[in-house]
Amino acid sequence: MIKGEKITGLPNRSLKQLEKSPTGVSGLDEITDGGLPKGRPTLICGSAGSGKTLLSMQFLAQGAILYDEPGVFMAFEESEDDLAKNFSSLGIDLEDLSARKKVLLDYVHVDSSEIEETGEYDLEGLFIRLGSAIDSIGARRVVIDTIEVLFSGFQNEAILRSELRRLFRWLKDRGVTAIVTGERGEKTLTRYGLEEYVADCVISLDARMEEQIATRRLRIVKYRGSKHGTNEYPFLIEDHGISVMPITSMGLDHHAYTERVSSGIDRLDAMLGGQGYYRGSSILISGTAGTGKTSFAAQFANAACRRGERCLYFAFEESPSQVVRNMRSIGIDLQPWVESGLLQIHASRPMAFGLESHLVEMRRIVDGFLPGSVIIDPISNLVNVGTEGDVRSMLTRLIDYLKTKGITTLCTSLINSDSGIEAGQGISSLMDTWLSLRFIESDSERNRGLSVMKSRGMAHSNQIREYLLTSSGVVLKDVYLGPAGGLLMGMSRAAQEAKEKAEADAYEHEIDRRKRELERKLKSLNEQITILSSEFEMEEEELSKITAEQDQKKAVLANSRIDMARLRKAD
Amino acid sequence: MADDVETAEPNSGDVDVEVGSADGEETYILRLYVAGQTKKSLAAFANLKRICEEHLAGRYRIEVIDLLENPTLAKGDQILAIPTLVRRLPPPVRKIIGDLSNTERVLVGLDLRPAK
Numbered sequence: 000m001i002k003g004e005k006i007t008g009l010p011n012r013s014l015k016q017l018e019k020s021p022t023g024v025s026g027l028d029e030i031t032d033g034g035l036p037k038g039r040p041t042l043i044c045g046s047a048g049s050g051k052t053l054l055s056m057q058f059l060a061q062g063a064i065l066y067d068e069p070g071v072f073m074a075f076e077e078s079e080d081d082l083a084k085n086f087s088s089l090g091i092d093l094e095d096l097s098a099r100k101k102v103l104l105d106y107v108h109v110d111s112s113e114i115e116e117t118g119e120y121d122l123e124g125l126f127i128r129l130g131s132a133i134d135s136i137g138a139r140r141v142v143i144d145t146i147e148v149l150f151s152g153f154q155n156e157a158i159l160r161s162e163l164r165r166l167f168r169w170l171k172d173r174g175v176t177a178i179v180t181g182e183r184g185e186k187t188l189t190r191y192g193l194e195e196y197v198a199d200c201v202i203s204l205d206a207r208m209e210e211q212i213a214t215r216r217l218r219i220v221k222y223r224g225s226k227h228g229t230n231e232y233p234f235l236i237e238d239h240g241i242s243v244m245p246i247t248s249m250g251l252d253h254h255a256y257t258e259r260v261s262s263g264i265d266r267l268d269a270m271l272g273g274q275g276y277y278r279g280s281s282i283l284i285s286g287t288a289g290t291g292k293t294s295f296a297a298q299f300a301n302a303a304c305r306r307g308e309r310c311l312y313f314a315f316e317e318s319p320s321q322v323v324r325n326m327r328s329i330g331i332d333l334q335p336w337v338e339s340g341l342l343q344i345h346a347s348r349p350m351a352f353g354l355e356s357h358l359v360e361m362r363r364i365v366d367g368f369l370p371g372s373v374i375i376d377p378i379s380n381l382v383n384v385g386t387e388g389d390v391r392s393m394l395t396r397l398i399d400y401l402k403t404k405g406i407t408t409l410c411t412s413l414i415n416s417d418s419g420i421e422a423g424q425g426i427s428s429l430m431d432t433w434l435s436l437r438f439i440e441s442d443s444e445r446n447r448g449l450s451v452m453k454s455r456g457m458a459h460s461n462q463i464r465e466y467l468l469t470s471s472g473v474v475l476k477d478v479y480l481g482p483a484g485g486l487l488m489g490m491s492r493a494a495q496e497a498k499e500k501a502e503a504d505a506y507e508h509e510i511d512r513r514k515r516e517l518e519r520k521l522k523s524l525n526e527q528i529t530i531l532s533s534e535f536e537m538e539e540e541e542l543s544k545i546t547a548e549q550d551q552k553k554a555v556l557a558n559s560r561i562d563m564a565r566l567r568k569a570d
Numbered sequence: 000m001a002d003d004v005e006t007a008e009p010n011s012g013d014v015d016v017e018v019g020s021a022d023g024e025e026t027y028i029l030r031l032y033v034a035g036q037t038k039k040s041l042a043a044f045a046n047l048k049r050i051c052e053e054h055l056a057g058r059y060r061i062e063v064i065d066l067l068e069n070p071t072l073a074k075g076d077q078i079l080a081i082p083t084l085v086r087r088l089p090p091p092v093r094k095i096i097g098d099l100s101n102t103e104r105v106l107v108g109l110d111l112r113p114a115k
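As given, the protein sequences belong to chains D and S, one line each in that order. The opening residue of the first sequence carries number 0 in numbering that gives the first Met the number 0; numbering runs sequentially from there. The opening residue of the second sequence carries number 0 in numbering that gives the first Met the number 0; numbering runs sequentially from there.
Take the hints with a grain of salt, since some may be wrong.
Stated by the list, open to error - Some but not every residue of chain D turned toward chain S, in silico, with C-beta under 7 Å: (1) 108; (2) 114; (3) 116; (4) 122; (5) 125; (6) 127; (7) 128; (8) 131.
What the hints assert, rightly or not - Below 30 Å or equal to it, Euclidean Cα-Cα: the simulated DSSO-like pairs (lysine-lysine) are: (9) S:74 to D:84; (10) S:74 to D:37; (11) D:101 to S:74; (12) D:19 to D:37; (13) D:552 to D:568; (14) D:100 to S:74; (15) D:498 to D:514; (16) S:39 to S:74; (17) S:48 to S:38; (18) S:48 to S:74; (19) D:500 to D:514; (20) D:37 to D:221.
The hints are simulated quantities; they were obtained by calculation from the structure and are not laboratory data. Bear in mind the structure is a predicted one, so any value in this text is a computation, not a measurement. C-beta: ideal position from N, C-alpha, C; glycine also.
Model the full structure from these sequences, guided by the hints.
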């Protein structure tokens with residue numbers, strides 16, 4: 000037998016990062032920061048039906064398929080045939096893996112009724128059997144599921160315990176990455192206290208019923224020498240096995256886009272720095288019932304489809320046809336987009352599944368459709384499914400996931416008070432842009448007001464704007480301020496609008512009148528100019544006539560002088 | 000599985016076979032699984048031989064299988080504990096684990112004495 004003192008506990012090993020064996024289970028490697036401790040045993044404990052066998056088998060099969068690490072599955076509860084049958088439905092072909100010597104299934108049958116105990120014994124047979132299985136395929140991974148069956152097969156618990164301790168040490172010495180499963184006990188992690196033998200890594204699985212909804216959760220109880228997620232992570236058993244929902248953005252490293260996308264409402268775009276939302280950002284539209292949250296969402300969807308972008312609409316309150324019909328009443332026709340395949344509307348009751356199922360389902364749809372924008376209408380309905388903390392953690396994961404994919408996400412949220420401060424679920428910190436819709440009561444009217452609560456990374460309007468839901472969509476009205484500086488809405492706004500119009504009209508009339516008067520004046524001046532200039536011409540004519548006469552006279556005089564001189568024969 | 004045992008036997012240095020003549024009564028075929036020459040294994044073999052001589056003289060056969068030399072044989076009889084004595088014949092198959100130091104329990108296990 001290999002004594003592995005040389006394999007583990009090398010002095011220079013402590014300087015290196017703990018080596019990990021990736022599990023290949025979606026999400027689990029992210030929580031464990033790379034996988035299970037390589038060359039060491041890990042304990043997976045959980046109640047019956049919590050998915051222990053599945054998780055271990057996935058670890059083994061993925062190891063064989065993805066990481067070229069053959070594995071031995073020692074089953075105490077299910078026969079080789081049963082295992083192969085059960086896992087073929089999950090897409091794991093154990094028969095093929097066995098044939099290719101990638102996986103070795105070994106069913107250990109323990110039946111106490113056949114066994115008589117007399118005197119001292121040990122479990123060397125198990126060790127030899129496991130050792131020979133490991134050697135036969137050069138296994139790097141081992142699963143023992145579940146070794147606690149031994150406690151029903153053998154009576155001498157003292158021997159069992161010392162042999163178990165020896166087994167875990169032996170596994171470590173062999174340098175195989177092992178998973179040992181154990182049934183949850185009353186007060187302990189496992190019924191027979193296996194956790195005291197496994198020092199390195201303990202994972203607990205749990206299936207809980209809360210308000211008639213089953214939620215499976217996974218938690219890393221301990222992981223010596225490694226950082227790991229400490230939360231309880233919901234997980235789901237899907238068509239292809241276990242999928243754990245990790246917080247993918249543990250490092251908040253999603254790309255920030257500078258490109259803008261229109262909100263679908265021109266004047267709202269103008270309020271948001273003139274260009275609308277950022278691509279890949281998250282937008283929250285909160286408001287009380289009837290403020291038109293869905294209408295804003297539909298405008299956004301319409302604009303996205305018009306850009307030729309795929310849009311995914313999760314409706315938690317209305318059926319797809321109801322959404323389309325209702326939006327048609329405000330002049331938004333989503334039907335052509337649905338038909339052309341640019342818009343997908345998925346409607347489901349929040350109560351239909353557990354929270355994590357929603358999350359997984361939404362992720363699955365997003366992965367399948369690859370939309371540019373996603374609308375969740377409304378997120379507040381999901382609160383019915385879980386506690387507030389659960390919902391927040393689920394939304395964090397979902398929004399982070401969408402952000403890493405560069406998908407613009409618009410969520411609506413129903414709130415109860417008109418103060419607009421309460422965002423519901425405390426999710427505003429997840430949101431880049433937050434629009435608050437509310438009813439403003441004044442002058443015995445309720446009018447709808449919109450304000451931008453925040454919008455990260457852009458200059459945005461601080462003006463409360465009145466908006467109307469008209470037959471041509473959401474329309475933002477002009478701003479009218481009352482004498483006291485308050486926003487005028489509804490009738491007051493209309494009155495003010497009329498008054499200002501009347502004033503403007505009167506002013507225009509006055510201007511026209513003065514214009515006409517001036518024109519008249521100008522005209523009469525022009526006339527005078529004409530008269531004067533004709534007078535001027537006449538005077539000028541007179542002058543030139545006089546000058547000519549004078550010249551003539553002078554000439555005549557000169558001539559007569561010459562004539563007289565000649566006559567007098569003067570010179 | 001029995002065939003495997005037969006073929007394995009010649010290679011096994013620890014195989015110790017004793018065959019007694021059957022006088023009309025059924026022959027006991029007993030298989031003792033050990034892992035090397037440990038104290039427990041040796042004790043089990045000595046105890047087994049003594050009990051057989053006392054209670055099954057002339058109608059028993061003991062096969063000793065050393066799993067260190069034939070590790071794959073552990074699977075056939077579902078051997079976990081060492082030493083394990085398996086009564087192959089007469090049916091049904093019975094298993095007795097331990098060093099067989101408690102003769103009473105061995106006899107009960109081999110159906111040679113009704114359980115009290």
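To see whether the hints hold, each was checked on the structure:
For residue 108 (chain D), the interface hint holds, since its Cβ comes within 7 Å of a Cβ in chain S; the closest pair sits about 5 Å apart. Interface restraint check: residue 114 (chain D) against chain S, minimum CB-CB distance 5 Å, threshold 7 Å, status holds. Because the beta carbon of residue 116 (chain D) sits about 5 Å from the nearest beta carbon in chain S, less than 7 Å, this interface hint is met. Here the hint on residue 122 (chain D) is kept, as its CB sits about 5 Å from the closest CB of chain S, short of 7 Å.
About 4 Å separates the beta-carbon of residue 125 (chain D) from the nearest beta-carbon of chain S, less than 7 Å, and the hint is met. Interface hint status for residue 127 (chain D): upheld, as the beta-carbon distance to the closest one in chain S is roughly 5 Å, under 7 Å. The beta carbon of residue 128 (chain D) comes within 4 Å of a beta carbon in chain S, closer than 7 Å, and the hint placing it at the interface holds. Hint status for residue 131 (chain D) relative to chain S: holds, with the closest Cβ pair at about 4 Å, below 7 Å.
Between the alpha carbons of residue 74 (chain S) and residue 84 (chain D) the distance comes to roughly 21 Å, so the proposed pair stays at or under 30 Å and holds. As the CA atoms of residue 74 (chain S) and residue 37 (chain D) are separated by approximately 28 Å, the hinted pair is consistent with the 30 Å bound. With a C-alpha separation of about 19 Å, the suggested pair residue 101 (chain D) and residue 74 (chain S) falls inside the 30 Å cut-off, and the hint holds. Of the pairs offered as hints, the one joining residue 19 (chain D) and residue 37 (chain D) holds, with about 5 Å between alpha carbons and a cut-off of 30 Å not exceeded.
Proposed proximity of residue 552 (chain D) and residue 568 (chain D) is supported: the alpha carbons are some 24 Å apart, at most 30 Å. Note on residue 100 (chain D) and residue 74 (chain S): the hinted pairing holds, with a Cα-Cα distance of about 18 Å set against a maximum of 30 Å. Using a Cα cut-off of 30 Å, the hinted pair residue 498 (chain D) and residue 514 (chain D) holds, with the two alpha carbons roughly 24 Å apart. For the proposed pair residue 39 (chain S) and residue 74 (chain S), the alpha carbon gap of about 21 Å is at most 30 Å, so the pair holds.
The straight-line distance between the Cα atoms of residue 48 (chain S) and residue 38 (chain S) is roughly 16 Å, inside the 30 Å bound, and the hint therefore holds. At roughly 25 Å between alpha-carbon atoms, residue 48 (chain S) and residue 74 (chain S) fall within 30 Å of each other, so this suggested pair holds. At most 30 Å may separate the alpha-carbon atoms for a hinted pair to count; residue 500 (chain D) and residue 514 (chain D) meet this at roughly 21 Å. Distance check on the hinted pair: residue 37 (chain D) and residue 221 (chain D) sit about 15 Å apart at the alpha-carbon level, within 30 Å; holds.
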